[in-house]
Amino acid sequence: MEPVELQPTHEVLESKFANAKIAQFSIRNVVPRLVSRSLFVVIATTVAAMFPFFGDINALIGAFGCIPLDFILPMVFYNAMILDANTYSLFANI
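Letter 74 of the sequence shown, counting from 1, is numbered 74 in the numbering used here, and no numbers are missing.
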């Protein structure tokens with residue numbers, strides 16, 4: 001299972017190697033998707049096998065990314081919206 005954070009990376013890779021003019025599930029479009037995602041899984045598995053504390057390192061990196069997204073940025077965006085009276089009145093009238 002892949003992290004959700006990698007979806008933009010896969011979108012960029014698939015847009016470069018796939019052909020948008022033919023069907024989405026044609027061989028021409030499925031093979032690049034399968035190769036890029038499988039390559040990621042192989043690389044992640046290899047790195048995880050090489051480092052004995054990979055789970056702890058991965059949890060630490062995830063925590064540093066999750067804390068700002070969950071606690072800090074919502075407050076910043078809320079304050080930015082409140083300070084802009086036009087935007088606040090737009091959302092308050094909905």
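Derived from the structure by calculation, the hints contain no laboratory data. Careful, some of the hints might be misleading.
Claimed, not checked - Cβ pair distances, simulated, as ranges: (1) P68 <-> H10: 32 to 38 Å; (2) M75 <-> V30: 40 to 46 Å; (3) F40 <-> P74: 43 to 49 Å; (4) I27 <-> A59: 35 to 41 Å; (5) M50 <-> F71: 29 to 35 Å; (6) F77 <-> I27: 41 to 47 Å; (7) L39 <-> V4: 17 to 23 Å; (8) I27 <-> G62: 15 to 21 Å; (9) F17 <-> L73: 28 to 34 Å.
All values derive from a computational prediction rather than experimental measurement. Glycine is no exception: its CB is placed at the ideal position from the N, C-alpha and C atoms.
**Report entry** C-beta pair M75, V30: status relative to the range 40 to 46 Å that was hinted
**Finding:** holds (43 Å)
Query raised in the report: Honestly, do I27 and A59 meet the 35 to 41 Å range at C-beta?
Result: holds (39 Å)
Query raised in the report: If you check the beta carbons of F77 and I27, does the distance land in 41 to 47 Å?
Result: holds (43 Å)
Query raised in the report: Range hint 28 to 34 Å: satisfied by the CB atoms of F17 and L73?
Result: holds (33 Å)
Requested in this report: Starting from the hint 32 to 38 Å, judge whether the C-beta atoms of P68 and H10 obey it.
Outcome: At roughly 23 Å between Cβ atoms, H10 and P68 fall outside 32 to 38 Å, so the hint is violated.
**Report entry** I27 paired with G62, Cβ distance criterion 15 to 21 Å
**Finding:** This hint is violated: roughly 36 Å between Cβ atoms.
**Report entry** Range hint compliance [Cβ, L39 to V4, 17 to 23 Å]
**Finding:** With a Cβ separation near 18 Å, L39 and V4 satisfy 17 to 23 Å, so the hint holds.
Query raised in the report: Range hint 29 to 35 Å: satisfied by the CB atoms of M50 and F71?
Result: The hint (29 to 35 Å, Cβ to Cβ) holds, given that M50 and F71 are roughly 33 Å apart.
Query - Range hint 43 to 49 Å (beta carbons of F40 and P74) holds or violated - result: Violated, at about 30 Å.
Checked against the numbered hints listed earlier, the structure breaks hints 1, 3, 8; every other hint is satisfied.
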